[in-house]
Amino acid sequence: MPVPPTADMAAGYFTVTNSGGADELTSVSSDIAADVTLHTSEGGAMKEQKSFGVPAGGTLDFTRGGNHVMFDKLTHRPKLGEKVSVELHFAKSGTVTVELPVKDATYNPSSHH
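Per the numbering used here, the sequence shown starts with residue 614, numbered consecutively.
Hints are computed from structural coordinates only; laboratory data are not their basis. Backbone N, C-alpha and C define an ideal beta-carbon position, used for all residues, glycine too. Any given hint could turn out to be false.
[As the list claims (entries may be wrong)] When the alpha-carbon atoms are kept at most 25 Å apart in a straight line, the in silico BS3-like pairs for lysine-lysine are as follows:
1) K660 x K686
2) K663 x K686
3) K716 x K686
[As the list claims (entries may be wrong)] Simulated restraints, written as ranges between beta carbons of each label pair:
4) G657 x T628: 16 to 26 Å
5) S698 x A620: 12 to 22 Å
6) K696 x P618: 25 to 35 Å
7) G633 x R690: 11 to 21 Å
8) G671 x H702: 33 to 43 Å
9) K686 x G634: 30 to 40 Å
10) D621 x G671: 30 to 40 Å
11) G634 x E700: 30 to 40 Å
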């Protein structure tokens, strides 16, 4: 998660790695924001998604300009070096809690592939 540029909204970029059978990410929640939604970017425009498929033995990437998570109505603005607790809700695997480190505002995980 990059340091948010505003006090009320942030984006989440990370990779979900699935070592099991096919699953579906149905929602994301966090105590850092009142609303957490799944989005994709198409032609430079954000579009909210209800869910994302996670292939068996594969990955689901959340990156700038692609799939991402939006944290809206932040309860506090995360600072560089903090960790944000996020719950990923899957159709088959249930809820998985992860910690997203807050990185520099220019953080882009796609540049690390």
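So, going through the hints one by one against the coordinates:
1. K660 x K686: 18 Å, holds
2. K663 x K686: 19 Å, holds
3. K716 x K686: 20 Å, holds
4. G657 x T628: 16 to 26 Å: This hint holds: roughly 23 Å between Cβ atoms.
5. S698 x A620: 12 to 22 Å: 19 Å, holds
6. K696 x P618: 25 to 35 Å: 19 Å, violated
7. G633 x R690: 11 to 21 Å: Given range 11 to 21 Å: violated, Cβ gap about 36 Å.
8. G671 x H702: 33 to 43 Å: Hint violated: Cβ distance 19 Å, outside 33 to 43 Å.
9. K686 x G634: 30 to 40 Å: Holds, at about 35 Å.
10. D621 x G671: 30 to 40 Å: 34 Å, holds
11. G634 x E700: 30 to 40 Å: At roughly 21 Å between Cβ atoms, E700 and G634 fall outside 30 to 40 Å, so the hint is violated.
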